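**Q** Residue numbers (the working numbering), protein chains in the order written: chain A, 12 to 126; chain B, 24 to 136.
Source of the hints: derived by calculation from the structure; they are not laboratory data.
Only a predicted model underlies this, so the values are computations on that prediction, with no experimental measurement involved.
Cβ coordinates follow ideal geometry from the N, Cα and C atoms, glycine included.
Hints may be right or wrong, so weigh each one.
Claimed, not checked - Mimicking DSS-like on lysine-lysine, the simulated pairs with C-alpha atoms at most 27 Å apart in a straight line are:
#  : chain 1 : residue 1 : chain 2 : residue 2
1  : A       : K84       : B       : K26
2  : A       : K125      : B       : K78
3  : B       : K36       : B       : K78
4  : B       : K78       : B       : K93
5  : A       : K113      : B       : K80
6  : A       : K125      : A       : K66
7  : B       : K41       : B       : K78
8  : A       : K81       : A       : K113
9  : B       : K76       : B       : K41
10 : B       : K41       : B       : K94
11 : A       : K113      : B       : K26
12 : B       : K93       : B       : K41
13 : A       : K66       : A       : K89
14 : B       : K78       : B       : K26
15 : B       : K78       : A       : K113
16 : A       : K113      : B       : K94
17 : A       : K113      : A       : K125
18 : B       : K93       : B       : K80
What the hints assert, rightly or not - So the derived label-pair ranges between C-beta atoms look like this:
#  : chain 1 : residue 1 : chain 2 : residue 2 : range
19 : A       : N73       : B       : D61       : 37 to 43 Å
20 : A       : S126      : B       : R37       : 40 to 46 Å
21 : B       : K93       : A       : S126      : 28 to 34 Å
22 : B       : Q119      : A       : A12       : 31 to 37 Å
23 : B       : G63       : A       : E28       : 37 to 43 Å
24 : B       : Q119      : A       : S126      : 24 to 30 Å
25 : A       : S126      : B       : V75       : 46 to 52 Å
26 : A       : S85       : B       : D82       : 22 to 28 Å
27 : A       : T31       : B       : Y33       : 31 to 37 Å
28 : B       : S31       : A       : E28       : 37 to 43 Å
29 : A       : N73       : B       : Q119      : 31 to 37 Å
To be verified - Not the full set, but computed from the structure, chain A residues with beta-carbon under 7 Å of chain B:
#  : residue
30 : F79
31 : G96
32 : N112
33 : G117
34 : A118
35 : R123
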Amino acid sequence: AQTVTQSQPEMSVQEAETVTLSCTYDTSESDYYLFWYKQPPSRQMILVIRQEAYKQQNATENRFSVNFQKAAKSFSLKISDSQLGDAAMYFCAYRSEEYGNKLVFGAGTILRVKS
Amino acid sequence: DVKVTQSSRYLVKRTGEKVFLECVQDMDHENMFWYRQDPGLGLRLIYFSYDVKMKEKGDIPEGYSVSREKKERFSLILESASTNQTSMYLCASHSQGPTDTQYFGPGTRLTVL
């Protein structure tokens, strides 16, 4: 079965600095998708970034980028120029075609941003 | 704008009560999901539905059932609530279009006393 591991329960970053959140996953499949979702306090979960496993190029969305290492089964999220609004719980998630559209989530990382 | 709504943000029930959690999406999505979110465990899939009247068990279906009579509405039912079902419940629907992502509702925090 697929599993997703986020080894950092909490992280802190100074405003305007860069922070990297870690995620590793376990799968025997070759074709899949990886996601980072953000859940702000008392607000809805939203998609931050998506990566298709067949693409070698790392996905980027403005200040958010990923470091996708397929062989190592690693998918970290880098947030540059951190802002107070980035404070949230971040979840890494996995999805494969063989598993339908179901997402497998990691335990989450709480990100605190200090002003 | 994409919208997924859940019937309650907070709910308090007593052990043994039958509980209904409702989720509505306005995007004509076929796939809908119910997750349970607990600290340190992330989100775990309870049930999902590929279409009207179609449902499949997720990873933790015990103690839950679902109903999908209309495409836009997906209900989670706790037949006899227990204290270990105290949790945050999140509904999601999946877009297979260009965005190819799951859209989440605001969540229902259920407390069973």
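**Q** Between the alpha carbons of K125 (chain A) and K66 (chain A), is the straight-line distance 27 Å or under?
**A** It is violated: about 34 Å lies between the C-alpha atoms, which goes past 27 Å.
**Q** Is it true that the CA of K93 (chain B) sits at most 27 Å from the CA of K41 (chain B)?
**A** 21 Å, holds
**Q** Determine whether the Cβ-Cβ distance between N73 (chain A) and Q119 (chain B) falls within the hinted range of 31 to 37 Å.
**A** Once the Cβ atoms are compared, 25 Å apart, the range 31 to 37 Å for Q119 (chain B) and N73 (chain A) is violated.
**Q** If you draw a straight line from the CA of K113 (chain A) to the CA of K125 (chain A), is it 27 Å or shorter?
**A** 35 Å, violated
**Q** Given the hinted pair K125 (chain A) and K78 (chain B), is their alpha-carbon gap at most 27 Å?
**A** Distance of about 44 Å is beyond 27 Å: violated.
**Q** Has the given pair, K41 (chain B) with K94 (chain B), been kept, meaning a C-alpha gap of at most 27 Å?
**A** 23 Å, holds
**Q** Are K113 (chain A) and K94 (chain B) close enough, with their CA atoms no more than 27 Å apart?
**A** 18 Å, holds
**Q** Per the CB criterion, is N112 (chain A) less than 7 Å away from chain B?
**A** 5 Å, holds
**Q** Run the distance test for K81 (chain A) versus K113 (chain A): straight-line Cα separation, threshold 27 Å.
**A** 20 Å, holds
**Q** Does the nearest C-beta of chain B fall within a distance shorter than 7 Å of the C-beta of G117 (chain A)?
**A** 5 Å, holds
**Q** Tell me if the beta carbons of S126 (chain A) and V75 (chain B) are separated by a distance inside 46 to 52 Å.
**A** Holds, at about 49 Å.
**Q** Between K78 (chain B) and K26 (chain B), does the CA-CA distance stay at or below 27 Å?
**A** 22 Å, holds
The structure is inconsistent with the numbered hints 1, 2, 6, 17, 19, 21, 22, 23, 24, 29, 30, 31 and 35, although it conforms to all the rest.
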